[in-house]
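Using the sequences plus the hints, can you model the full thing?
Listed below, chain by chain, are the residues.
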Amino acid sequence: MTDAADGTPPTPRRRALVLALWAAVVLLALLQILRTPFVADLSAFLPASPDERQQILIEQVESGVPARTLLVGIDGGDAAARAAASRALAAKLRASGLFEQVGNGETEAWSDVGAWLFEHRYLLSPAVTPERFTAAGLREGLQDTLSLLGTPAGAIARPLFERDPTGETQRIAEGLIPSSAPRSEEGVWVSRSAPRTLLVAMVRAPGADLDAMAAAIARVHDDFAAVAAPGLVLRVSGAPVFGVESRGRIEAEIKRLSIAGTVLVVGLLTLAFGSLAALAVAALPVATGVLVGIAAVGVGFGQVHGMTLAFGVTLIGEAVDYGIYYLIQARGLAGRGGWRAWVHEGWPTIRLGLLTSVCGFVALVFSGFPGLAQLGVFSVSGLVAAALFTRFVMPVLRPQGAAGTLLRTALGRTGRSLLGAMPRLRWPLVALGVAAAVLLAQRSELWRAELASLSPIPQEVLALDASLRQDLSAGDARTLVVVQAADLQAVLELAEQAGARLEPLIDAGTIGGYDSIARWLPSLRMQQARLAALPAPDALQAALREAVAGLPVDTARLQPFVAEVAAARTQAPLTLPALRSGAAGASLAPLVDAMLLQRQGDDGPAGWVALLPLQPPIGGAPAPDGAEIDAAAVQQALAGLAAGDPSAVQVLEIGRELTGLYERYLGQAQLQALLGALGVVALMALTLRSPRRLLAVCQPLALAVLLSMGALALAEVPLGILHLVGLLLVVAVGSNYALFFDLLQQPGQPAQADDDTLASLLLANLTTVATFALIAMSAIPALRAIGLVVAPGALLALLLAAAFARPRP
Amino acid sequence: MRTLALAAAGPLAARAQAARFDLKALTALLAQRREAEARFSEERHVTGFDSPLRASGTLSFSAPDRFVRHVLEPRPESMAVQGNTIVLRRGGRSRQMTLDAVPELTALVEAMRGTLTGDAALLQRHFETRVEGEPGRWTLTLLPRDARLATQVREMQIAGQAGEIRSVGLWLTNGDRSLMLVDNLPPGTLAREAR
Chain A
1 MTDAADGTPP
11 TPRRRALVLA
21 LWAAVVLLAL
31 LQILRTPFVA
41 DLSAFLPASP
51 DERQQILIEQ
61 VESGVPARTL
71 LVGIDGGDAA
81 ARAAASRALA
91 AKLRASGLFE
101 QVGNGETEAW
111 SDVGAWLFEH
121 RYLLSPAVTP
131 ERFTAAGLRE
141 GLQDTLSLLG
151 TPAGAIARPL
161 FERDPTGETQ
171 RIAEGLIPSS
181 APRSEEGVWV
191 SRSAPRTLLV
201 AMVRAPGADL
211 DAMAAAIARV
221 HDDFAAVAAP
231 GLVLRVSGAP
241 VFGVESRGRI
251 EAEIKRLSIA
261 GTVLVVGLLT
271 LAFGSLAALA
281 VAALPVATGV
291 LVGIAAVGVG
301 FGQVHGMTLA
311 FGVTLIGEAV
321 DYGIYYLIQA
331 RGLAGRGGWR
341 AWVHEGWPTI
351 RLGLLTSVCG
361 FVALVFSGFP
371 GLAQLGVFSV
381 SGLVAAALFT
391 RFVMPVLRPQ
401 GAAGTLLRTA
411 LGRTGRSLLG
421 AMPRLRWPLV
431 ALGVAAAVLL
441 AQRSELWRAE
451 LASLSPIPQE
461 VLALDASLRQ
471 DLSAGDARTL
481 VVVQAADLQA
491 VLELAEQAGA
501 RLEPLIDAGT
511 IGGYDSIARW
521 LPSLRMQQAR
531 LAALPAPDAL
541 QAALREAVAG
551 LPVDTARLQP
561 FVAEVAAART
571 QAPLTLPALR
581 SGAAGASLAP
591 LVDAMLLQRQ
601 GDDGPAGWVA
611 LLPLQPPIGG
621 APAPDGAEID
631 AAAVQQALAG
641 LAAGDPSAVQ
651 VLEIGRELTG
661 LYERYLGQAQ
671 LQALLGALGV
681 VALMALTLRS
691 PRRLLAVCQP
701 LALAVLLSMG
711 ALALAEVPLG
721 ILHLVGLLLV
731 VAVGSNYALF
741 FDLLQQPGQP
751 AQADDDTLAS
761 LLLANLTTVA
771 TFALIAMSAI
781 PALRAIGLVV
791 APGALLALLL
801 AAAFARPRP
Chain B
1001 MRTLALAAAG
1011 PLAARAQAAR
1021 FDLKALTALL
1031 AQRREAEARF
1041 SEERHVTGFD
1051 SPLRASGTLS
1061 FSAPDRFVRH
1071 VLEPRPESMA
1081 VQGNTIVLRR
1091 GGRSRQMTLD
1101 AVPELTALVE
1111 AMRGTLTGDA
1121 ALLQRHFETR
1131 VEGEPGRWTL
1141 TLLPRDARLA
1151 TQVREMQIAG
1161 QAGEIRSVGL
1171 WLTNGDRSLM
1181 LVDNLPPGTL
1191 AREAR
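Each protein sequence line maps, in turn, to chains A and B.
Numbering-wise (this note's numbering), the first sequence opens with residue 1 and increments by one.
Numbering-wise (this note's numbering), the second sequence opens with residue 1001 and increments by one.
By construction, these hints were calculated from the structure, which means they are not laboratory data.
Here a beta-carbon is modelled for each residue, glycine too, at the ideal position from N, C-alpha and C.
Check the hints yourself; a few may be wrong.
To list a few chain B residues with every Cβ distance to chain A over 10 angstroms, as calculated [to be verified]:
#, residue
1, E1037
2, V1046
3, G1048
4, R1075
5, G1083
6, L1088
7, A1121
8, T1139
9, L1143
10, E1155
11, R1166
12, V1182
13, G1188
14, A1191
Pair ranges (Cβ atoms, derived) [unchecked claim]:
#, chain 1, residue 1, chain 2, residue 2, range
15, B, S1167, A, A532, 46 to 56 angstroms
16, B, Q1157, A, E131, 16 to 26 angstroms
17, A, G76, B, S1051, 49 to 59 angstroms
18, A, G644, B, T1173, 54 to 64 angstroms
19, A, R557, B, Q1161, 39 to 49 angstroms
20, A, G655, B, E1134, 54 to 64 angstroms
21, B, T1173, A, Q459, 43 to 53 angstroms
22, A, P159, B, E1134, 37 to 47 angstroms
23, B, P1186, A, Q459, 54 to 64 angstroms
24, A, A208, B, Q1157, 37 to 47 angstroms
25, B, G1133, A, G76, 41 to 51 angstroms
26, B, E1193, A, A606, 52 to 62 angstroms
27, A, A135, B, T1173, 30 to 40 angstroms
28, B, R1034, A, G655, 38 to 48 angstroms
Given below as structure tokens:
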């Protein structure tokens, strides 16, 4: 650096090299962005869980049957009009082909399933055992069926009596009766709590296909408009609605935030520099950072979530500072070598600021939420790119920095008097900090935000969903038994064994009932055992003769039964493909899909899972912990099944599992935030190399965190992971301010630099506070939480840093 | 509150009954009982069966909404209704169901519960009613209003003496019919026998 005092631009060769490199980076980033898909679904709010049981839960939320099930309510009008609309809408939706199944309580839709069950009764009935076809067994079966005849319930059994006198169809139906079902009036489902008819529509497309979900929802609205009488109101809810709505919300948010952020930054830069050329140059580090950040996320995750883009505006707030610092400081140093002097005097400060911010954002990368991890990668790579641009490309473009406007001088002067007044408030602020500490110590339940608080779904939409779910009761089990095995037959056998253990729990009132795939598709072994239990015609005739003694039936009448049992002996066992493609396949496939899943691993299919939803007992004793179902008792009943593989049969409590999931991540995040904060402190210790100065710098930071938390506690805001992330960002950003004041106080710093430095500091703080304030006004709770903490926190950090600045010796 | 009002209205109603014994008078009479226990025997005449099908067991009721029918012969089984839940037990298996998910079943259960609690409004919601006889010996005829139930059940006839039900007859549209004879017991008998 022989020409250190000379402000000449870098050599042409160096200029060409730097610009070519930059152009290459921008080009590569653009290419990567073009091939990266953008998503805006809810997946960002679901933790990427390592626990296998929770993985099943998340797969269910993301792509299970609930993910493509629409809940529909029809309000208004009178009962007859609502029932008519329900029938007409269901008919239109069934005809549309968009839905796998549309349920509205009309039983006519199930006649094909009834015929299918009857046809396969000797494969499906759990009563089919060798004992069933002894004289005593037949007699019991006959008596059970006879006990129905002559009652209203016997109306179905009587025409079938000669073919199914032991009531196998009845026995199958008994297992399939839901223990809780929607109320039915005029042949359709209605709400118990409101004048409303109900429908459930299962979309054919996978739940992740939000365009298909949006089309299905639009179809429901259009078809309703075509058939509904005036005065009727349609309400649609369910996971697809949430997915489509939140995508819309996030997209609108990205647009709003990026426009507002751009306007804000351009406005501030115009105020600061009053020159379009300087403005364009100052915005370049941000633009480069945003491009590199998005590309890095694309490389790391294979997709970019809309949330990440919306969050990009905060990166603007940070990275724009670099440009401002450079332009102002390089101009301030113009007499002493411009950019060359800046490399020695200004760059180390920016580098330190960059490193502390990276410490903060790295914690996000490991937060366990894919959405937050993306934000972390985006911010770290974006900030590094913006800083590198500032260090290497800015001197090429603007070796002398940029002249400021009068306004910037005024800003510097205002800053000086404002910040100069702060030290007088030092002791009142300390007192406030003590008060905050006392308040926080008294609040034991500070960290009580729930997973749902991250969801971008508004409260009233959730309330509608909850009320529809309550009315529909069926198909929304909160407790499941999850059975897993490597192949289909093994999982069916395990499901059968689990079912046998659950049966006594119904009698004991521990559960109200359960659903199982094994009722529709018994394992091959079970089906073969049932076929083997069917006696040859002669043996059956003999047993039957003995069985009917004293009953008002004779064997001649039961010859159709003998013939049907003989025919059933040669029946082929049911298989999954046959079930799907059979006569009742259209009705059976959705049932099967809801209870039987083939898991997909990284390399092809990875085993089978059967879900056995449990229904709570009605009027039964609640579990000791107040839950609807005593999961411990269920667990105990299932103990010892599939010995040696504890993950083969598990009890899954969805609500508790989600809460547990979140609490675990909160715990992890707290540790990561602490490590991030320690990283910031360690960086400062390395730079300052003086315990006294380190302490002086840490004081305002600690106080800023304390006061921010105190304010949140005072406002009764339940704190969650995102507030924690916000606090970490306050520490990262605030450490820059504290260091600035520390450097200002060091001997050898030119006093005249103060105005310019103060102006750049104030401007940087203003952009940070303003961009996070934008985020605080977001409709997305996850972004709002971060904004609410960082916007006031960053301002507080600056004021506190000034308040704790020591007068220059 | 309701019990008190009914108790006060009782003697007045009794005087009015002499003039006209209608549903209101009958239900006022029936509402005085909060609990009931009985043995029953049932005969069902089913088309295609020469001899009647028989069953016997116990019945119990406690206000406001609990009703249990326990068949002891020929095969033990039970049906217990409480509120909107019905629990069926047979051969060591239990099944729980939501009553209002099956409106036909609701109407039949409410016919029994409405009669036992003396709830005229409940009976009239599900049936067209006709009362014949006098307080000492009456017949309540119920014709289903629900179109689906009407395709299965033609009419139900409950006969009794004072506040006690003596028989329940059921005529189905397919020609089947049943008659259940009720033999009332002093409250607590069944519990004592169970011990």
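Exercise for review: Would you list, in rising numerical order, the hints stated earlier that this structure does not obey?
Suggested key: Numbers 2, 3, 4, 5, 6, 16 and 24, in rising order.
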